[in-house]
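Please work from the sequences and hints to get the whole structure.
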Amino acid sequence: MRMRAAFALVLAAAACGGGDVAVQLPATRAPIRDARPTRLHAGETLTVEGRGGPFTAGATTQVILPGLRGFKGGPMILPARAVGPDRVLATYDSAVFRYTGSSVVEVEQRLPDGTTKRLSSDPRAPFAFELAPRDVATAALLAERALPSLPGWLVGALTLLLVAAIVSLPIPVLAGLIVTWERKISAAMQSRIGPNRVGPRGWLQWLADGVKLLLKEDVIPTAADARLFRAAPYLAFLGLFLTFIVLPFSRTLIVADLDVGVLFLVSVTSLVVVGILVGGWASNSKWSLLGGMRSAAQIISYELPASMALLTLVVTTGSLRTQAIVAAQGAAPWDWFLFRTPFTLVAFVIWFIAALAEGNRTPFDLPEAESELVAGFFTEYSGFRFSLYPLVEWVNLAVIGAVGTALFLGGWRVPFVTPEMMATSWLWDLLGFFVFALKDVAIIFLVIWIRWTLPRFRVDQMMSLCWRYAVPWSMACVLGTLAWVWLVPSGVDQAARIALFALVGVGGGAWFALRVRANARAYSDLVLNEKLGGGRP
Amino acid sequence: MSEIVIDRGDGDEVVLNMGPQHPSTHGVIRFVIRTDGEIMKEAIPDVGYLHRAIEHIAEKCTYEGFMPYTDRVDYVCAMTANHAWALAVEKLGALPVPERAEYLRVITDELNRISSHAIALGAMAMDLGATTPFMLILREREFVNELIEELCGARLTYNYHRVGGVGWDLPAGWRDKVLRWCDHFVPVIDEYQRLIAENALFVRRLANMAVITAEEAVGYGLVGPNLRASGVDFDVRRDLPYSVYPKLKFEVPVGRGAMGTVGDAWDRYAVRIDEWRQSVALVRQALDLVAGTPPEFLSTPKKLKPTGEAFARVEAARGQMSCYVVGDGGANAYRARFRTGSFNAMQIIRAKSRGLMVADLVALIASLDVVAPEIDR
Amino acid sequence: MAMAMDAEAIAARLRALVGEDAITSVIAAEGGVRDAVLRVAIPRWLEVARALRDEPDLAFDFLDCVTAVDRPKDGRIDVVYHLFSYRHRHLAVVRLEAPRDDARVPSVVAVWPTADWNEREQYDLFGVRFDGHPDLRRLLMPEDWPNHPMRKDAAQPPSYRGMPTTRPNTLDLLPTSTLVRK
Numbered sequence: 001m002r003m004r005a006a007f008a009l010v011l012a013a014a015a016c017g018g019g020d021v022a023v024q025l026p027a028t029r030a031p032i033r034d035a036r037p038t039r040l041h042a043g044e045t046l047t048v049e050g051r052g053g054p055f056t057a058g059a060t061t062q063v064i065l066p067g068l069r070g071f072k073g074g075p076m077i078l079p080a081r082a083v084g085p086d087r088v089l090a091t092y093d094s095a096v097f098r099y100t101g102s103s104v105v106e107v108e109q110r111l112p113d114g115t116t117k118r119l120s121s122d123p124r125a126p127f128a129f130e131l132a133p134r135d136v137a138t139a140a141l142l143a144e145r146a147l148p149s150l151p152g153w154l155v156g157a158l159t160l161l162l163v164a165a166i167v168s169l170p171i172p173v174l175a176g177l178i179v180t181w182e183r184k185i186s187a188a189m190q191s192r193i194g195p196n197r198v199g200p201r202g203w204l205q206w207l208a209d210g211v212k213l214l215l216k217e218d219v220i221p222t223a224a225d226a227r228l229f230r231a232a233p234y235l236a237f238l239g240l241f242l243t244f245i246v247l248p249f250s251r252t253l254i255v256a257d258l259d260v261g262v263l264f265l266v267s268v269t270s271l272v273v274v275g276i277l278v279g280g281w282a283s284n285s286k287w288s289l290l291g292g293m294r295s296a297a298q299i300i301s302y303e304l305p306a307s308m309a310l311l312t313l314v315v316t317t318g319s320l321r322t323q324a325i326v327a328a329q330g331a332a333p334w335d336w337f338l339f340r341t342p343f344t345l346v347a348f349v350i351w352f353i354a355a356l357a358e359g360n361r362t363p364f365d366l367p368e369a370e371s372e373l374v375a376g377f378f379t380e381y382s383g384f385r386f387s388l389y390p391l392v393e394w395v396n397l398a399v400i401g402a403v404g405t406a407l408f409l410g411g412w413r414v415p416f417v418t419p420e421m422m423a424t425s426w427l428w429d430l431l432g433f434f435v436f437a438l439k440d441v442a443i444i445f446l447v448i449w450i451r452w453t454l455p456r457f458r459v460d461q462m463m464s465l466c467w468r469y470a471v472p473w474s475m476a477c478v479l480g481t482l483a484w485v486w487l488v489p490s491g492v493d494q495a496a497r498i499a500l501f502a503l504v505g506v507g508g509g510a511w512f513a514l515r516v517r518a519n520a521r522a523y524s525d526l527v528l529n530e531k532l533g534g535g536r537p
Numbered sequence: 001m002s003e004i005v006i007d008r009g010d011g012d013e014v015v016l017n018m019g020p021q022h023p024s025t026h027g028v029i030r031f032v033i034r035t036d037g038e039i040m041k042e043a044i045p046d047v048g049y050l051h052r053a054i055e056h057i058a059e060k061c062t063y064e065g066f067m068p069y070t071d072r073v074d075y076v077c078a079m080t081a082n083h084a085w086a087l088a089v090e091k092l093g094a095l096p097v098p099e100r101a102e103y104l105r106v107i108t109d110e111l112n113r114i115s116s117h118a119i120a121l122g123a124m125a126m127d128l129g130a131t132t133p134f135m136l137i138l139r140e141r142e143f144v145n146e147l148i149e150e151l152c153g154a155r156l157t158y159n160y161h162r163v164g165g166v167g168w169d170l171p172a173g174w175r176d177k178v179l180r181w182c183d184h185f186v187p188v189i190d191e192y193q194r195l196i197a198e199n200a201l202f203v204r205r206l207a208n209m210a211v212i213t214a215e216e217a218v219g220y221g222l223v224g225p226n227l228r229a230s231g232v233d234f235d236v237r238r239d240l241p242y243s244v245y246p247k248l249k250f251e252v253p254v255g256r257g258a259m260g261t262v263g264d265a266w267d268r269y270a271v272r273i274d275e276w277r278q279s280v281a282l283v284r285q286a287l288d289l290v291a292g293t294p295p296e297f298l299s300t301p302k303k304l305k306p307t308g309e310a311f312a313r314v315e316a317a318r319g320q321m322s323c324y325v326v327g328d329g330g331a332n333a334y335r336a337r338f339r340t341g342s343f344n345a346m347q348i349i350r351a352k353s354r355g356l357m358v359a360d361l362v363a364l365i366a367s368l369d370v371v372a373p374e375i376d377r
Numbered sequence: 001m002a003m004a005m006d007a008e009a010i011a012a013r014l015r016a017l018v019g020e021d022a023i024t025s026v027i028a029a030e031g032g033v034r035d036a037v038l039r040v041a042i043p044r045w046l047e048v049a050r051a052l053r054d055e056p057d058l059a060f061d062f063l064d065c066v067t068a069v070d071r072p073k074d075g076r077i078d079v080v081y082h083l084f085s086y087r088h089r090h091l092a093v094v095r096l097e098a099p100r101d102d103a104r105v106p107s108v109v110a111v112w113p114t115a116d117w118n119e120r121e122q123y124d125l126f127g128v129r130f131d132g133h134p135d136l137r138r139l140l141m142p143e144d145w146p147n148h149p150m151r152k153d154a155a156q157p158p159s160y161r162g163m164p165t166t167r168p169n170t171l172d173l174l175p176t177s178t179l180v181r182k
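Residue numbers (the numbering used here), protein chains in the order written: chain Z, 1 to 537; chain B, 1 to 377; chain V, 1 to 182.
Bear in mind the hints are in silico, worked out from the structure with no lab data behind them.
Remember, predicted model here, so these are calculated numbers, not experimental data.
Hints may be right or wrong, so weigh each one.
[Said to hold, decoys possible] Capping the alpha-carbon separation at 30 Å, the derived lysine-lysine pairs in DSS-like fashion look like this: (1) V/K73 / B/K303; (2) B/K305 / V/K73; (3) V/K73 / B/K91; (4) V/K152 / B/K302; (5) B/K305 / B/K60; (6) B/K249 / B/K177; (7) Z/K216 / Z/K286; (8) B/K60 / B/K302; (9) B/K302 / V/K73; (10) B/K91 / B/K60; (11) B/K41 / Z/K286; (12) V/K152 / B/K303; (13) V/K152 / B/K60; (14) Z/K212 / Z/K184; (15) Z/K216 / Z/K184; (16) V/K73 / B/K60; (17) B/K302 / B/K91; (18) V/K152 / B/K91; (19) V/K152 / B/K305; (20) Z/K286 / B/K352.
The structure is reproduced here in structure tokens:
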């Protein structure tokens, strides 16, 4: 729990009058080291406490911080009050400021007799603020500064729209790439070739399919509820899109590092259920309704084990913020939360299964079971609206991968690079993003692999798996993690981590590699297919 | 097509219509399902969408000329349908068949049985949600199609057997290709078995599902793998042997309830996997023995105008196919009747569907290996 | 103990069980007739069926095939049943000869459940009524098809629900051309 301690730096004695002046920030921040603008979050206050003095009670007091530049550019001047002969308190809660490197703090008092007394601290004393990296609100404020003629709310809204566009533009491209990759993986697993005509080796197939779907006739069944029918895919898309807000793609690449990150993630994915249910109902088809009901039951049921599995991480970290959870892990595999405790390992398995269920992926794809319901809840859709539901499903793959990576696999942490090093240059950030993407892609591959290997569950089997196995096991994980974090001494903890990594990570990987080799040897005759026309072109 | 009248007994009942266009019914078949949520009260089949009046056409064609139509009686396993008609007409006319032709008939029958079971098992896996096994097994079926194409020129509806023999002799080198393919195929059976049969999800979906007891199976007229999966040890090839089957050694797999109960869907699956192995053995034996036969493969009768009636049975992939032909001295048949395995299997679906879930109905249809052409003809 | 019986023996056993008049005659397997046929009187068919199934020496538990054969020259429709016993491995062929204009035959669904659809199909195609069948309606043809199509005198209806059943020769639809020499 080392990061969560309060940051209070005590400065050296003031120049005249001696004493210390301490600047105390709210306890939920990480250090900043440079001059980027910073904004206090709602409910936070910047407290400056001056000790030493002597301070005159009752005098009009100001605390001047030349090291912090206020909104208008000059040194930050905070109204303060003398709480006692040796204490002065100033709070500041509503503006943006920048740290310029100077660590001097001055307290100026206008005494009742009209004179001004100024005390300042030792300029050689170290002084550091600790705040979160840049986020959307800060960008909005920067824009506000740049366009002072526009009202603040308008600038804020425009900034949000811009950020939304930047985030949502890659989403269709991401969906397209994932679906093309899935088709190629499934083809390889089935001794086929997959898309290979459109674009280099077929990698632009998604573009052709997307354009085709856009150009299709928009069919709405006569008896369908037209308004709900039209709105439903967008509800599902909304649920998916909102999750992108809290995904930490890199140390600085996060839309908003919400304090309730994990909670937000879990709650916002429920919107997808609404989209599916409404779509299934509004289609005015019994098969769609059946698919929608199945999906609602499935997703709602599996929210419980998913959230409880993530709760183990929150317990381990003490924070709901996704960046905090990433920062609590290390870059090496034995520092990942995957191997943190045996309970988090089980939690990963449970979360993964629940995430498959939430994403309607095989073996949990009953809602869209092709062989039973044609296409389940989106049977009656065509054209662009039809493409939205699978788009949600495929991008959900990326989200599952991102959440798994960030929370269990160490996120954007690069081996041998500390976060302090990463703060120095944007190239490290980029490297962190690539590491994140790599781990994300690994999880996506796992999900696709499982989809093309396994058959699907029946409804009652799926529900029984959730309520009779996943929920009790995930509860056990939470309790176990609580007990572990509380009781297990750090030496045993460290040893357990390394042991778990050796057993499950290295041991499991070695077993897998040996099985692959054994299968390749046993079925080497399958090369016959190559001669008879199978295989790659 | 017929009207299905359902009296509205229960207000909570939902009536679903599955088909005739549906990704999972094996051909154009329609089911009217009365459900209470996910659990079915009844699934009433409605057939006739693929009725092509093949038996009527038999009265308009000569005995020899009718052979291509028999392919369409079961286009997934056309060789055995050819064989049924050839046997019936030869029995009617007391026609001799050369020994080489008999071996060729057996070889092609068994190859077709392998490819037909491939469709059955692959479609069963696909109906349960796993698309990969279907694709993998189509790759194997492709080899069989190409082999038979080399033999008789067609990949699906062969018109290979003739009244009095077969249509073509073995091409040069075909024997070795088939043997090489057999060597390739046997490990694939094991791979397939590991991929599906022992997969926990498959077992959970199929074991103890829609158990058909031996009495029910016999009473409802189930034949072939469906009958044997319920524990009845009967195979036309062994017990009422025709062609050269008496000279060939093979075993008949019977359902043992390995994963659940005898006669459940998993047994029907397992029996077909074992039949694959037996078919490969039969093909190998027949290929060895055909080499020693004299080269004549078709004894064409002069003018086929038989009188009387004859009843022949073959073991098709979907079970015993019976062909009853009545002749009145003309060049055309007076009456031809094909009684197919899928036709009887459809009848049991209504009885077995009570209490199953909709997802299980799909698995039940797939496990009975029902194809529309056999039902409707 | 499996013991196959030939047609004469089966007929004798049935006569002993059900009565002399149940089996009208036995057509021996000679000439073109490849399997011996038992001709059963129509009113006694249900009893005969039960005896065929339940009698331990007969044990015909499998109804293989139900076929209707239309013989307008003889004024009758034959309904031919092929039965098989798994235990004894013997085959029996039973023929019922029903008058063509009023072909009614007792249904044996109660004896062999598989007769359900088999009898429905023969009703659909030939018009033979099976008395006692729980659900005798058309199976393969649409429910409003006007005739029984496999009868020898069944004429093809000119249209069905507005769809013509014949079409003109496409060559006749081409516009006349000066190049075509008639």
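Hint-by-hint comparison with the structure:
1. Proposed proximity of V/K73 and B/K303 is supported: the alpha carbons are some 24 Å apart, at most 30 Å.
2. At roughly 19 Å between alpha-carbon atoms, B/K305 and V/K73 fall within 30 Å of each other, so this suggested pair holds.
3. About 25 Å separates the Cα atoms of V/K73 and B/K91, which keeps this hinted pair within 30 Å; it holds.
4. For the hint linking V/K152 to B/K302, the alpha-carbon distance of about 28 Å falls within 30 Å, and the restraint holds.
5. A hinted pair counts as satisfied when its Cα atoms are at most 30 Å apart, and B/K305 with B/K60 qualifies at roughly 14 Å.
6. With a C-alpha separation of about 22 Å, the suggested pairing of B/K249 with B/K177 holds against the 30 Å cut-off.
7. For the given pair, Z/K216 sits about 24 Å from Z/K286 by alpha-carbon distance, which is consistent with the 30 Å threshold.
8. For the given pair, B/K60 sits about 20 Å from B/K302 by alpha-carbon distance, which is consistent with the 30 Å threshold.
9. Using a Cα cut-off of 30 Å, the hinted pair B/K302 and V/K73 holds, with the two alpha carbons roughly 28 Å apart.
10. As the CA atoms of B/K91 and B/K60 are separated by approximately 20 Å, the hinted pair is consistent with the 30 Å bound.
11. Taking the CA atoms of B/K41 and Z/K286, the gap is near 16 Å; set against the 30 Å cutoff, the hint holds.
12. At roughly 24 Å between alpha-carbon atoms, V/K152 and B/K303 fall within 30 Å of each other, so this suggested pair holds.
13. The suggested pairing of V/K152 with B/K60 holds, with an alpha-carbon distance near 11 Å, which does not exceed 30 Å.
14. The hinted pair formed by Z/K212 and Z/K184 meets the criterion: a straight-line CA distance of about 20 Å does not exceed 30 Å.
15. Proposed proximity of Z/K216 and Z/K184 is supported: the alpha carbons are some 25 Å apart, at most 30 Å.
16. Only pairs whose Cα atoms come within 30 Å are accepted, and V/K73 paired with B/K60 is accepted, the gap being roughly 18 Å.
17. A distance of roughly 16 Å separates the Cα atoms of B/K302 and B/K91; the hinted pair therefore holds under the 30 Å criterion.
18. Simply put, V/K152 and B/K91 have alpha-carbon atoms about 25 Å apart, close enough for the 30 Å limit, and the pair holds.
19. Between V/K152 and B/K305 the CA atoms are separated by roughly 19 Å; this keeps the pair inside 30 Å, and the hint holds.
20. Taking the CA atoms of Z/K286 and B/K352, the gap is about 23 Å. The hint holds against a cut of 30 Å.
In terms of the numbered hints stated before, the structure departs from none.
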